[in-house]
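Residue numbers (the numbering used here), protein chains in the order written: chain A, 1 to 270; chain B, 1001 to 1140.
Accuracy of the hints is not assured; some may be wrong.
In the BS3-like style, the derived pairs of lysine-lysine whose C-alpha atoms are separated by at most 25 Å in a straight line are [to be verified]:
1) Lys164(A) to Lys151(A)
2) Lys1049(B) to Lys151(A)
3) Lys1129(B) to Lys156(A)
4) Lys50(A) to Lys164(A)
5) Lys164(A) to Lys1009(B)
6) Lys191(A) to Lys1105(B)
7) Lys1049(B) to Lys164(A)
8) Lys159(A) to Lys1129(B)
9) Lys1049(B) to Lys15(A)
Examples of chain A residues lying across from chain B (beta carbon under 7 Å, computed) [stated by the list, open to error]:
10) Arg146
11) Lys191
12) Leu197
13) Arg229
14) Arg237
15) Asp239
16) Val241
By construction, these hints were calculated from the structure, which means they are not laboratory data.
Every residue, glycine too, gets a C-beta built ideally from N, C-alpha and C.
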Amino acid sequence: MSEEARGVVAEVLAKGEVDGVLGLREDEGAVGPHYFRKGDDLDSLVLSPKYALPLVLRWFRLHSPDTRVGAVLRGCEERALVELSKRRQVDLEMIEVIGLACTAEEAKECGCVNGSPTNVMIGTPTEGLPERREFLALPDADDGARLDYWKAQYSKCIKCYGCKNVCPVCACEVCMMADHGWVRGGSLPPKFATFHLIKAYHMADRCIECRECEAACPVSIPLTEMYGRLLRDVERRFDYVTGADPEQRPPLLTTLMDEPILEEEEEGGG
Amino acid sequence: MTEDEWEPKILVFCCNWCSYAGADLAGVARLQMPTHFRVLRVMCSGRFKPEYAFKAMEQGIDGVFVLGCHIGDCHYLEGNHRAKKRFEVLEDMMVHLGVEPGRIKIDWVSASEGVRFQAVITEFVAHIKELGPSPLGGGR
Ligand code: SF4
Ligand code: SF4
Ligand code: FES
């Protein structure tokens, strides 16, 4: 599929509607984000391994707001972009999404239920993805077994911050999880359960279920079993689906009548 | 400490403009109340964030109660709207985590409702006593 992608990106660059294209480049075996310009050699452009680009796009709004940028994005990355734009981290007007459809195999690996980006230009959308995500059955809450389950899971944490660093929607300037007032430094595992609940709460109206955090977690904590459940609650309570409608405001940034809360918009956080 | 000696530790966030004044009024009127709570004055219930509840419970607090102006009366117009919505998410979190959601509660008390302050506090303290020590106690 990389060959196809190179062709598509070359075409987009030739058309000249964008100043450059953000994608992945392989350099001596290492893959990372790269900004390709017209005339650049595209042979090094690759599509995998997955590397979430939305947070990289944030750089443009901050440092080069007049740049029109194309970006090779998968479905989950496009949804992350929508959540970031609602918090004024990226400017959707300045970004042209070059949609990349994950292969059936990739979709299966992630347990993807959301599917391809809106405008697929590379690859073919996978048909027949499951409609809804299946959650693991949690132990009963009444006799404390559920709490014990989370205690056991969260106590495996080595506080590597992988879950936060790979997350395409973790965009706060100062992260509470790294603030010693909230989470004491120098001890492992982090005390139950502020560290993990801070992240979970912040994900409730913005996680787009790419499950990159779980893939990154070296001790296999089922992080999105909590985040995903909260997303369903938020959907039920506030009729809000993350990553879907760029115009709909996140429910925790609006009043009970769904009206905007103004100063919060400036803040970018939540 | 044995079961019988256990007394709940409860944190009450009161907004400066309504609920704190309501609490004050209850005090001035010498209304009888349980003594298991400490009041933290915040400028608005919208200043409360669920992260405070996580941290408090990690440190051994058995119940968290947030009191603000009635909806429509917030000094900052919409602070209590935000608090209410955050609370709904917080409650869901408690359920998924396996902690009784009744350990956290939000309610409204105006500056003139000293009697109401007494009533809601008394009821909340009784409920936490019923639930017993928080299973999150001390972040073990
Ligand atoms: S699944 Fe994990 S990495 Fe992906 S958006 Fe949600 S919290 Fe972030
Ligand atoms: S990735 Fe896993 S081990 Fe690392 S901080 Fe997150 S939960 Fe803890
Ligand atoms: S000032 Fe009382 S709730 Fe906002």
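Hint-by-hint comparison with the structure:
A distance of roughly 20 Å separates the Cα atoms of Lys164(A) and Lys151(A); the hinted pair therefore holds under the 25 Å criterion. Proximity of Lys1049(B) to Lys151(A) is assessed by CA-CA distance (about 23 Å); at most 25 Å being required, the pair is judged to hold. Pair hint Lys1129(B) plus Lys156(A) does not hold up; C-alpha atoms about 32 Å apart against a cutoff of 25 Å. For the proposed pair Lys50(A) and Lys164(A), the alpha carbon gap of about 16 Å is at most 25 Å, so the pair holds.
Restraint check for Lys164(A) and Lys1009(B): not satisfied, since their Cα atoms lie roughly 33 Å apart, outside the 25 Å limit. Restraint check: the Cα-Cα separation between Lys191(A) and Lys1105(B) comes to about 24 Å, which is no more than 25 Å; the hinted pair holds. Under the criterion of a C-alpha separation no larger than 25 Å, the hint pairing Lys1049(B) with Lys164(A) is consistent with the structure, at around 20 Å. For the given pair, Lys159(A) sits about 35 Å from Lys1129(B) by alpha-carbon distance, which is inconsistent with the 25 Å threshold.
A threshold of 25 Å between alpha carbons decides the hint, and for Lys1049(B) with Lys15(A) the separation of about 48 Å lies outside it, so the pair is violated. At about 3 Å, the closest approach between the beta carbon of Arg146(A) and any beta carbon in chain B falls short of 7 Å, and the interface hint on this residue holds. For Lys191(A), the interface hint holds, the least distance from its beta-carbon to any beta-carbon of chain B being 4 Å, beneath 7 Å. Taken as an interface hint, Leu197(A) checks out: its beta carbon lies about 4 Å from the nearest beta carbon of chain B, inside 7 Å.
This hint holds: Arg229(A) has a C-beta 5 Å from the nearest C-beta of chain B, less than the 7 Å allowed. With 7 Å as the threshold, the beta carbon of Arg237(A) comes within range of chain B, its nearest partner Cβ sitting at about 6 Å, so the hint holds. Among the interface hints, the one on Asp239(A) is violated; its C-beta lies about 13 Å from the nearest C-beta in chain B, farther than the 7 Å criterion. For Val241(A), the suggested interface contact is broken, since its CB lies about 15 Å from the closest CB of chain B, more than 7 Å.
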